[in-house]
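Protein chains in written order, with the working numbering: chain A, 1 to 268; chain B, 1001 to 1268; chain C, 2001 to 2268; chain D, 3001 to 3243; chain E, 4001 to 4243; chain F, 5001 to 5243.
Worth flagging that the hints you see were computed from the coordinates, not collected in a lab.
Each hint should be verified, as a subset may be incorrect.
Each computed BS3-like pair below joins lysine-lysine, with the alpha-carbon atoms no more than 27 Å apart [claimed, not checked]: (1) F:Lys5088 to C:Lys2004; (2) D:Lys3088 to B:Lys1126; (3) A:Lys199 to D:Lys3070; (4) C:Lys2234 to F:Lys5212; (5) E:Lys4229 to C:Lys2051; (6) A:Lys169 to B:Lys1126; (7) B:Lys1181 to D:Lys3088; (8) C:Lys2224 to C:Lys2267; (9) B:Lys1234 to E:Lys4101; (10) F:Lys5179 to C:Lys2126; (11) B:Lys1126 to C:Lys2169; (12) C:Lys2126 to F:Lys5088; (13) C:Lys2234 to F:Lys5070; (14) C:Lys2199 to F:Lys5070; (15) B:Lys1169 to A:Lys169; (16) D:Lys3088 to B:Lys1163; (17) B:Lys1018 to A:Lys126; (18) F:Lys5088 to A:Lys176; (19) A:Lys181 to F:Lys5088; (20) D:Lys3179 to A:Lys185; (21) A:Lys126 to B:Lys1234; (22) C:Lys2234 to F:Lys5219; (23) F:Lys5229 to A:Lys51; (24) E:Lys4070 to B:Lys1234; (25) C:Lys2199 to F:Lys5101; (26) B:Lys1199 to E:Lys4241.
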Amino acid sequence: MMSKVRRKQIMEALSSNKRTDDRGLEDVRNIEIRCGIVPNADGSAEVRLGKTLTIAGVKMNIGVPFPDTPDMGVLIVNAEFLPIASPTFEPGPPDENAIELARVIDRGLRRSEMVDLKQLCIIPGKAVWEIWVDIHALNHDGNLMDASAMASVAALLTATLPKAAVNDKGEVTLDKSARQKLPIKGVPATITVAKVGDKLLIDPCLDEEEIADAFLTMTFIGDKTCSIQKRGEKALSIEETLRCVNIARKKVEELVNAVKEATGYGKN
Amino acid sequence: MMSKVRRKQIMEALSSNKRTDDRGLEDVRNIEIRCGIVPNADGSAEVRLGKTLTIAGVKMNIGVPFPDTPDMGVLIVNAEFLPIASPTFEPGPPDENAIELARVIDRGLRRSEMVDLKQLCIIPGKAVWEIWVDIHALNHDGNLMDASAMASVAALLTATLPKAAVNDKGEVTLDKSARQKLPIKGVPATITVAKVGDKLLIDPCLDEEEIADAFLTMTFIGDKTCSIQKRGEKALSIEETLRCVNIARKKVEELVNAVKEATGYGKN
Amino acid sequence: MMSKVRRKQIMEALSSNKRTDDRGLEDVRNIEIRCGIVPNADGSAEVRLGKTLTIAGVKMNIGVPFPDTPDMGVLIVNAEFLPIASPTFEPGPPDENAIELARVIDRGLRRSEMVDLKQLCIIPGKAVWEIWVDIHALNHDGNLMDASAMASVAALLTATLPKAAVNDKGEVTLDKSARQKLPIKGVPATITVAKVGDKLLIDPCLDEEEIADAFLTMTFIGDKTCSIQKRGEKALSIEETLRCVNIARKKVEELVNAVKEATGYGKN
Amino acid sequence: MEAKNLALISPEGLRIDGRKPDEIRDIKMTVGVLENADGSAYVEQGNTKVYAAVYGPREVHPRHLASPDKAVIRCRYHMTPFSVEERKSPAPSRREIELSKVIREALTPAILLEQFPFTVIDVFVEIINADGSTRCASIIAASLALASAGIPMRDLVAACSVGKVNGVLVLDVTDTEDKHGEVDMPLAMMPNRNEVTLLQLDGVLSVEELEKAIAMVSKACRDIYERQKNALKAKYLEARKVN
Amino acid sequence: MEAKNLALISPEGLRIDGRKPDEIRDIKMTVGVLENADGSAYVEQGNTKVYAAVYGPREVHPRHLASPDKAVIRCRYHMTPFSVEERKSPAPSRREIELSKVIREALTPAILLEQFPFTVIDVFVEIINADGSTRCASIIAASLALASAGIPMRDLVAACSVGKVNGVLVLDVTDTEDKHGEVDMPLAMMPNRNEVTLLQLDGVLSVEELEKAIAMVSKACRDIYERQKNALKAKYLEARKVN
Amino acid sequence: MEAKNLALISPEGLRIDGRKPDEIRDIKMTVGVLENADGSAYVEQGNTKVYAAVYGPREVHPRHLASPDKAVIRCRYHMTPFSVEERKSPAPSRREIELSKVIREALTPAILLEQFPFTVIDVFVEIINADGSTRCASIIAASLALASAGIPMRDLVAACSVGKVNGVLVLDVTDTEDKHGEVDMPLAMMPNRNEVTLLQLDGVLSVEELEKAIAMVSKACRDIYERQKNALKAKYLEARKVN
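The shape of chain A in the complex, shown without the other chains:
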């Protein structure tokens, strides 16, 4: 629980459009992205957003497509809020917050069509690539959502998979020496706007999250929204909702560039 003093500090700073760490309302904390840190993963990235630390790993294997999309690869996102990351996290299967985070990131990745799942079909209806994105929170100082989305995107951008072929007998064979990157169609960005008192701000730290009324998490691909999730126990007026969208929209380029920089995507 936060002290009254701390709450008052935050509210006072906000009243002059500042944050307690001197950020402006629309400033993101310092971002550090380290890719390829997990040799056993097919792709991986660790994202530090201020003191928030989260890691995403990508593993790929041959699986069976969903019956309604027989010619598309499968993408599965899972998130664990480990007790290592916060005194309030408990061991056990993912709770509603971890599940929501995974599903919001999943919708963002899927609807942005970042990965061209059609190119991940090997034998229609029978064999496709299955991409597992696993997110593990390591230190929770707020905005796990945006940090985890960024780690997932960076892990996918740097992931490689073996070349798959089909032999005479119709079996799938893998050439592990010829690894190639995933087919990428674009780079999405996920941005959360929090409402604290009557202010709208981005990249909330943990203390700000605790006193926030509501959140709007948006994923953009280019200048379009492809996923929105309103969260939190209080309401947003329709006008505030639209303002959140416009605040987020202005940050897309900055976040996409940070990921491109760290992953080298688009360099060649």
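Assemble the complex: chain A is given as a structure, and chains B, C, D, E and F must be docked to it using the hints.
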């Protein structure tokens, strides 16, 4: 917990062979059966027994037969006592009461041979129809057992399944335009007799259940018993046990007719 | 919880190198082994070690080999510490103690190569014998580890399996009339040494276990160690560790002989 | 997931079930259908059929879940195994856990929680048949159940979905439109306060389309809101007749 | 499930294992076999082998499960994975959960629960080998375990099954007779009070056959009851010898 | 499981990664990497990468788990799904449950538990990438995390594995050496007290080899111990600089 006043009312009414809702000892509450209310199910029925409300849905799919009955379809009954139905029900997997109810209804359906499972074999040892009967309690005012059994029977009587065939390659194909009814051999009835004090009564409401010593649930097919389950924390004398059977036997026709009426079974 | 009086008795006895039941430090309690008591199992043995009672049952079925050992049978050990065995055991999935016991016994059986798993391959990469060893504690008076290991070894030594063959179509067929023993390469022995105060003793009873500092469980095959597990909340000096090994080594023959006697192994 | 190039809008501009783009399906709302609950409602919107029940305010078990400042809201959105095309396991799926959370958050802003410290208010929603927009129907039903349980509220919560199919914005999305269309966007609001309590977008919209969609769906919410008030009034009149 | 037209009754009227229809298998009952328990018994009826143990009356955890009026009975019927033809998972199956309930209800009427308010009595049954009629053997064993734990009882509970195979009523059904016969009907009773505490019918019987079957199996229960008393007496005498 | 006759030792007596038999991999130890924890450390030993965090001493929930005499230690060793060759389920496996227990027992003797009655000390270890000897790296990291949390200790706990590959005893076993070698034997100790707190042997060793292996690995532990002390010192100096 029931008040002492309420308990006294019930016992006093019973002492003159009456119930607090003016029923006689061997009277069933008002029965309402609505079939076909779930378009996504292959069969469905909602049963209102007084204020008790329960719903059964039937879903069918192609499955593999049990090794010891390779030429027979498979019937599976599952029941959920949802917290929506009673302040005493908890979320989570079925407890011993829900499991007992499902298994008692399963034995009644199976042993009455209501559905001719032999006709549900498609390829012996390989492919048979698998029938799932799911029971969900919605409002528990006593005698969920008989209400749920009735809903299950009504759902099965009105269920339809696609025509299955086997093509040249030995694969099962379904013709969803040609739906047909399940092969039915007879209509069973499930009746519970409760012992309250020294009285035997049928269709107990919740308050009566709470002060009952014991229950005998019986399923009849025609004039034969095909399943019995003694329940409750107290004993029944052998003489009482046989009296329960004879009380239940007299109600079979009434209950079977109610289901036939609602389902139109046997009309053409 | 043990009384202070009891603790004092144990410590006083130990101070003159005795146990409260008059055993010496390196004496095992009375061993009773009954084999073949479970007709439905492919092998079984009940071991009574003093008042500790445990049962092991072996079941075998055709399964798929592990990808990295396509030409070897599969051995799986599972242990349940049932609430029947002790007032401190709870129902539910195996806890860390039961899991540790199963895994330590598993490593002992596997690393001793007691069962020649290579001979249990039927079709390389496709079909092998899968051996399940299930251990159930029935009365826990200390040293469940050694008693359960002994029961597992005795159950495996007396287990029989049907003759498997491969028919024209490449399917596995079983001849249940021609049962044969498992291919056995040797008989391991598992011995636990407990440190209580400054004494090292074997086959601890429950009261001794409760006040022990640490345990060293060792499995020997012939005069070699094939598995060691240090257990307990306190440390062992390096010198004590090596002393434990030498104490255990001296008991191997006695325990192996007890099992051979009870199972008739090596008689013909 | 894929738009299958299915013709979801006819040359006449009508949808598969004959509706106009800005037309919602018939809704039937019945209040007070489950006697054990403190409040309940049944909502049928096309073939989407939902029961909701409210138990509480009541004591919390275990106690440490209670709050000294306000009532705690719990919500359980659950689908019967037979409510969907392929039988689903009755155990809660990840989707059901997420929807339980967002429905709870859609209702919470409307409830005067401060009036019932140390208690819990349980909201149970059961999907009997699913044909699209089940979370909206759940919110409509749960909101009626809360009101009929006599729980003081700032406003009723109304809800409706807006989709995009064959490039056209449409209200009250069906299962077929959800599966083969481009966008599904459910929204819940307190119409009298003009406040959004749930908003989820699943699909691509430009910011301009998004604004248009919000305007369209909030108008539909106002319409549903009137029907909710009528359903409550009907129940109240019926109750007066009986007593 | 299916009668496989197996000849379960020979032309001489004998069963596969040579028994007459109204003959039960050899029973071995041993009291006091598990030292940690407050009471225990081992029962071997043909190849059906069962351990039962009783712990209690003892404190309940968590506390809110306790009753101020009487002891609470808990019962766990459990099969070892190797006790049946195909290895079963050690996690409790739906069948085991149902049997735990009916066995508890079969024992409860016999126990003077009022004497131990705020406590729990735990009954654990472990099936070592299953060859039919395991719930009856469990009740026999659990009843002996309760008595040997010194828990005051109205009567011992005896149990036996009656079946119908090839049209003939038979006592003490084996696994083969259960699987290939027409009916399995276990019954438990307090013989001295002539009261039934468990009755389950699985199969088709006319009401007349049912009456005959109950008469037949209650006679068998009386026989088993005498053996239970002897087993307790033997334990008592042995205990006196030791002390 | 099987020695695959893989050449794990070159004719020159070197291992696959070029190390000498008695050489450990490069170790990187960083203290204080996770801000929420009371103490934390990151250890990278070759490609084995581990985070450890310590929370506590803190209140125990539920209360009955607390002890009036001393702090309770809980330990959770967990692998991320992507840390191993085949994706593993995030639910704890039997292996992870066993390792959590032995790691807890490896740390417990070093902690002055009596100073914190009624509390719990939670140790969380997360394997980010697994390339052999993960339990040893976990103990090294957890021990640093405990010390940096300011928990009074008798000594730091150091750990290292010794293996046997192609007949040769080797230190700090990699995943390949573990899978294709003959023996893996992790050991943890308090070097200053010469006491063993973890010892597990998985593979065949004569008693003489065992003695040699213990001597070899305890020497390595002393080396690692020095590096642990340096890592703590570095953190302490850095902290002084900042303040």
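These are the hints, each one checked on the structure:
1. F:Lys5088 to C:Lys2004: Violated - the C-alpha atoms of C:Lys2004 and F:Lys5088 are around 47 Å apart, more than 27 Å.
2. D:Lys3088 to B:Lys1126: holds (23 Å)
3. A:Lys199 to D:Lys3070: holds (25 Å)
4. C:Lys2234 to F:Lys5212: holds (24 Å)
5. E:Lys4229 to C:Lys2051: Status holds; Cα separation ~26 Å.
6. A:Lys169 to B:Lys1126: The given pair, whose Cα atoms are some 25 Å apart, holds under the 27 Å limit.
7. B:Lys1181 to D:Lys3088: Measuring from Cα to Cα gives roughly 23 Å; hence the hint holds.
8. C:Lys2224 to C:Lys2267: Judged against 27 Å, a Cα distance of about 24 Å means the pair holds.
9. B:Lys1234 to E:Lys4101: Since the Cα atoms of B:Lys1234 and E:Lys4101 sit roughly 13 Å apart, the hinted pair holds (cutoff 27 Å).
10. F:Lys5179 to C:Lys2126: holds (22 Å)
11. B:Lys1126 to C:Lys2169: Between B:Lys1126 and C:Lys2169 the Cα gap is close to 17 Å, so the pair holds against 27 Å.
12. C:Lys2126 to F:Lys5088: holds (23 Å)
13. C:Lys2234 to F:Lys5070: holds (14 Å)
14. C:Lys2199 to F:Lys5070: Distance of about 25 Å is within 27 Å: holds.
15. B:Lys1169 to A:Lys169: Distance ~18 Å between B:Lys1169 and A:Lys169 Cα, so the pair holds.
16. D:Lys3088 to B:Lys1163: holds (23 Å)
17. B:Lys1018 to A:Lys126: The hint is violated at about 66 Å.
18. F:Lys5088 to A:Lys176: It holds: about 20 Å lies between the C-alpha atoms, which stays within 27 Å.
19. A:Lys181 to F:Lys5088: Answer holds: A:Lys181 to F:Lys5088 is near 23 Å, not above 27 Å.
20. D:Lys3179 to A:Lys185: Holds: D:Lys3179 and A:Lys185 sit about 22 Å apart, inside 27 Å.
21. A:Lys126 to B:Lys1234: violated (58 Å)
22. C:Lys2234 to F:Lys5219: With Cα atoms ~21 Å apart, C:Lys2234 and F:Lys5219 stay inside 27 Å; holds.
23. F:Lys5229 to A:Lys51: Status holds; Cα separation ~26 Å.
24. E:Lys4070 to B:Lys1234: At roughly 14 Å apart (the allowed maximum being 27 Å), B:Lys1234 and E:Lys4070 satisfy the hint.
25. C:Lys2199 to F:Lys5101: holds (24 Å)
26. B:Lys1199 to E:Lys4241: violated (50 Å)
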